[in-house]
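Visitor: Chains as they are written, first to last, in the numbering used here: chain A, 9 to 216; chain B, 9 to 216.
Be aware that a few hints might be false.
Pairs of lysine-lysine, DSSO-like flavour, derived with a Cα cap of 30 Å [stated by the list, open to error]:
id, chain 1, residue 1, chain 2, residue 2
1, B, Lys57, A, Lys193
2, A, Lys57, B, Lys193
3, B, Lys209, B, Lys53
4, A, Lys209, A, Lys53
5, B, Lys193, A, Lys53
6, B, Lys193, B, Lys209
7, B, Lys209, B, Lys57
8, A, Lys209, A, Lys57
9, A, Lys57, B, Lys57
10, A, Lys193, B, Lys53
11, A, Lys209, A, Lys193
To give a feel for the contact side, a few chain A residues facing chain B, derived at Cβ under 10 Å [claimed, not checked]:
id, residue
12, Ala75
13, Phe98
14, Asn105
15, Asp130
Beyond 10 Å from chain A on every Cβ pair, some chain B residues (computed) [stated by the list, open to error]:
id, residue
16, His17
17, Val126
18, Arg158
19, Trp161
20, Arg190
21, Arg200
22, Arg204
Hints listed in this document are in silico derivations from the structure and should not be mistaken for laboratory results. C-beta atoms are modelled at their ideal positions from N, C-alpha and C, and glycine is treated no differently.
There are 2 protein chains.
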Amino acid sequence: MFTLYYAAHTCSLATHIVLEEVGADYSTVRIDFGSAQQRSPEYLKVNPKARVPALVTDRGILTETPAMLAFVAQSFPASDLALMGDPFAFAQIQSFNSYLCSHLHIAHAHRMRGYRWVDADDAHSIAAMQRKVPEAVGGAFELVEREMLRGPWVMGERYTICDPYLFTLAQWLEADGVDPGRIPKVVDHRRRMSERPGVRKAIAQELA
Amino acid sequence: MFTLYYAAHTCSLATHIVLEEVGADYSTVRIDFGSAQQRSPEYLKVNPKARVPALVTDRGILTETPAMLAFVAQSFPASDLALMGDPFAFAQIQSFNSYLCSHLHIAHAHRMRGYRWVDADDAHSIAAMQRKVPEAVGGAFELVEREMLRGPWVMGERYTICDPYLFTLAQWLEADGVDPGRIPKVVDHRRRMSERPGVRKAIAQELA
Chain A
9 MFTLYYAAHT CSLATHIVLE EVGADYSTVR IDFGSAQQRS PEYLKVNPKA
59 RVPALVTDRG ILTETPAMLA FVAQSFPASD LALMGDPFAF AQIQSFNSYL
109 CSHLHIAHAH RMRGYRWVDA DDAHSIAAMQ RKVPEAVGGA FELVEREMLR
159 GPWVMGERYT ICDPYLFTLA QWLEADGVDP GRIPKVVDHR RRMSERPGVR
209 KAIAQELA
Chain B
9 MFTLYYAAHT CSLATHIVLE EVGADYSTVR IDFGSAQQRS PEYLKVNPKA
59 RVPALVTDRG ILTETPAMLA FVAQSFPASD LALMGDPFAF AQIQSFNSYL
109 CSHLHIAHAH RMRGYRWVDA DDAHSIAAMQ RKVPEAVGGA FELVEREMLR
159 GPWVMGERYT ICDPYLFTLA QWLEADGVDP GRIPKVVDHR RRMSERPGVR
209 KAIAQELA
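Turn these sequences into a full structure, and let the hints steer you where they fit.
Guide: In C-alpha cells form, the structure reads like this:
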C-alpha cells in the first residue's frame, strides 16, 4: 500500500503513472501549491524539503523521483520496469533519470522558481533566468533527442521507468518556449505515451 | 576494468573514491577544464554532455554520479556499498544521492556556472546568483545535517556510496561561503572521511 503526495502539473505525475501501470494498491493526496500547503507544518512532517512528490510506503517515506521510480519498479519485479537484473541496463536507466532530474528539470525550474538561486525581489535576474529557459531546456531536450532516446522507448524496445519521467517533463516544453519541431522523437514519444490507459487514468485523476 | 574521466575539484572524486575503496581495476584520465578539454571533439565522443565524470566500462560508457556510484557498488557485491538486497534501504540511498546531485550540487554550481541559466554577459544576474550561493548551499547542507545524516555515516552504522558523495560536495562549503559552525555533523563526517586510506589515495592521485 502506497500513498503518493502530489500536485498537478509537477513531476509527481511520473511516479503516479508507474504506480498505475504496475497495478499498485495506492491512494493519492493532493497538495495545494496555491495556498502553500507544501510549507504547512503538517506536510513538512511528511517531507521536510517542502516539495512534491513524497511516497509513503510500509517501510517509511521516500522522496526524489529517480529513487521513487526505481523503488516502485523493484517492488513489482514482474513488471521489470527498471531492468534491475542487468546492472549495466539499470545503470543506463539511472543515468537517464538523473539527467532529467538534475539538468532538464532544473533548467525548467528557472522559469518559475528563480527565487531559489537569486533574491526574490531582484526582478532583473528573475527575468534574465526566464529569458534563458527556452535555450537551456531546449538544449537539454535536444541532447535527449540526439543521444539518449533510442526509440520506440527511451531504452529501445523495452518500456521502462524512463518513459513516464520523460513524458512528464515533456508536458512543459511548449510553456518553456521550446520549439517542438526541433525534437520530433521526443514529441512522438509524448504522443504515444499519452495514449496509454495508465497515463490517461493518472492524468485524469490529478486534474479531476 | 574501468576508466574514469575526471577533473580535480569536481564531483568525479566521489566515484574515484568508490573505485579505490572496492578495489576495482581502474585507470584515470584527467580532463583539463582550463583548456576547455571537456568540449573537445575527442571528449564529446566519450561524453556528449561535455562534463565530467564519465566511466568507461566493459559494457559501455556511463555518466551521472548517482548512476555510476550504484553501478560500481553493484559490480562489487561483496562490498555491499549500496545495500541493494534491501529495496527500501537502497531507495533511501538513491534518494540521498539524488538530493545531492539535483539540489546541493546545483545550488553550488550557481557560483561558477551561472551562464547555464542566464546570458553569460549579464554581469548583474551572474553576480546575483553568486551572492545567493551561501544561503542556497547552506540551506541544503542544513537539511542534510538535520534530516538526513544519521551518523556515524549517512545511512547510520553502515558505510555506503552516500558517504563519498557527501564528502566530495562538502569539500566546497567554505568556498561557497557556508559557515561550517552551522553544520557540525557534516564537518565531522568530512574529517572522518578524509582519514580513510582510499580517500587519501584518490585525492593524492587527482592532485598529483
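Visitor: The structure should be examined with respect to each hint, and the outcome stated for every one.
Guide: Quick rundown of the hints versus the structure:
Distance hint between Lys57 of chain B and Lys193 of chain A is fulfilled; the C-alpha atoms sit about 19 Å from each other, no more than 30 Å. The hinted pair formed by Lys57 of chain A and Lys193 of chain B meets the criterion: a straight-line CA distance of about 19 Å does not exceed 30 Å. For the given pair, Lys209 of chain B sits about 29 Å from Lys53 of chain B by alpha-carbon distance, which is consistent with the 30 Å threshold. In summary, the hint linking Lys209 of chain A to Lys53 of chain A is supported, as the alpha carbons are separated by about 29 Å, within the 30 Å threshold.
With a CA separation close to 22 Å, the supplied pair Lys193 of chain B and Lys53 of chain A stays within the 30 Å bound. A hinted pair counts as satisfied when its Cα atoms are at most 30 Å apart, and Lys193 of chain B with Lys209 of chain B qualifies at roughly 24 Å. Between the alpha carbons of Lys209 of chain B and Lys57 of chain B the distance comes to roughly 28 Å, so the proposed pair stays at or under 30 Å and holds. Between Lys209 of chain A and Lys57 of chain A the CA atoms are separated by roughly 28 Å; this keeps the pair inside 30 Å, and the hint holds.
Restraint check for Lys57 of chain A and Lys57 of chain B: satisfied, since their Cα atoms lie roughly 29 Å apart, inside the 30 Å limit. At most 30 Å may separate the alpha-carbon atoms for a hinted pair to count; Lys193 of chain A and Lys53 of chain B meet this at roughly 22 Å. Of the pairs offered as hints, the one joining Lys209 of chain A and Lys193 of chain A holds, with about 24 Å between alpha carbons and a cut-off of 30 Å not exceeded. Taking 10 Å as the C-beta contact cut-off toward chain B, the hint placing Ala75 of chain A at the interface holds, the least distance being around 4 Å.
Because the closest C-beta pair between Phe98 of chain A and chain B is about 8 Å apart, less than 10 Å, the hint holds. Of the supplied interface hints, the one on Asn105 of chain A holds, with its beta-carbon coming within about 8 Å of a beta-carbon of chain B, less than 10 Å. Here the hint on Asp130 of chain A is kept, as its CB sits about 5 Å from the closest CB of chain B, short of 10 Å. No beta-carbon of chain A is positioned within 10 Å of the beta-carbon of His17 of chain B; the least distance is around 19 Å.
A beta-carbon of chain A comes within 10 Å of the beta-carbon of Val126 of chain B; the shortest separation is about 4 Å. Here Arg158 of chain B stays apart from chain A, with its beta-carbon at least about 13 Å from theirs, past the 10 Å limit. Residue-level check passed: Trp161 of chain B sits 18 Å from the nearest beta carbon of chain A, beyond 10 Å. For Arg190 of chain B, the shortest C-beta to C-beta distance to chain A comes to about 16 Å, beyond the 10 Å cut-off, and the non-interface label holds.
The claim that Arg200 of chain B lies off the interface holds: its Cβ sits roughly 25 Å from the closest Cβ of chain A, which is beyond the 10 Å cut-off. With a closest Cβ-Cβ approach of about 25 Å to chain A, Arg204 of chain B is found to remain outside the 10 Å limit, as its non-interface label requires.
Consistency note: the structure conflicts with earlier hint 17 alone.
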